[in-house]
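Novice: Kindly generate the complete structure, drawing on both the sequences and the hints.
Our numbering numbers the first residue of the sequence shown as 1337 and each following residue consecutively.
Note that these hints are calculated values from the structure, not bench results. It is possible that some hints are incorrect.
Once the Cα atoms are required to be at most 25 Å apart in a straight line, the calculated DSS-like pairs of lysine-lysine come out as [said to hold, decoys possible]:
#1 Lys1369 with Lys1473
#2 Lys1407 with Lys1369
#3 Lys1403 with Lys1426
#4 Lys1403 with Lys1355
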Amino acid sequence: MINTPLEELRFIEELKAGKQAAYSQLLDDYQQKVFGTCISFVPNREDAEDIAQEVFLEVFKSISNFKGDSKLSTWIYRIATNKSLEFIRKKNTKKRFAFMQSIMGNEIPMDKTSYFTEFDHPGILLENKEKSATIFKAIHTLPESQRVIFTLAKIDGKSYQEIVEITGKSLSSVESILFRAKKGLQGKLENFYKNDKS
1337 MINTPLEELR FIEELKAGKQ AAYSQLLDDY QQKVFGTCIS FVPNREDAED IAQEVFLEVF
1397 KSISNFKGDS KLSTWIYRIA TNKSLEFIRK KNTKKRFAFM QSIMGNEIPM DKTSYFTEFD
1457 HPGILLENKE KSATIFKAIH TLPESQRVIF TLAKIDGKSY QEIVEITGKS LSSVESILFR
1517 AKKGLQGKLE NFYKNDKS
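Specialist: Now the structure itself:
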């Protein structure tokens, strides 16, 4: 485990030099954390594992370009967040494409797998899966900047300071976006539960 800035500097140099031991340590230190971030955005174990693998491939590929402007962990979480968002955008594009195809009459098999399959996430301490699915669906209807900050803060459990570093936004901006996200979610969930009862 790396404890001091000097150790981190040395570790980064070893990664850049392509040392196997450094790569193994990186995986040991960050595998679970990166998976935790990915599954916060994409609550499906298989997909989150695939994205986490992509994150590490990107880290290994791009480590030579890492300039050290931020902590190594911040840079890795930024990649994990971006890869997760990329995955969601692709998934949404596929859904829209399938919808258009069905309207045009050339029916293609729809993706029947539930997107929200994983709720044993450390950030989700809810009494039942149905409620979790509803909350995740509501989160995914938020504007992207709100979704990112809400997910990092409330599901992945990142501190405000970490979110500032990962997103590059100011602290006041992070606080106000988080406030808007909570208000937006409240409204969406109230509507959902009202409609659900009727």
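Novice: Please go over all the hints and tell whether each is borne out by the structure.
Specialist: Hints, one by one, checked against the model:
| no. | hint | result |
| --- | --- | --- |
| 1 | Lys1369 with Lys1473 | holds (23 Å) |
| 2 | Lys1407 with Lys1369 | holds (15 Å) |
| 3 | Lys1403 with Lys1426 | violated (29 Å) |
| 4 | Lys1403 with Lys1355 | holds (18 Å) |
Hint 3 from the earlier list is the only one contradicted by this structure; the remaining hints agree with it.
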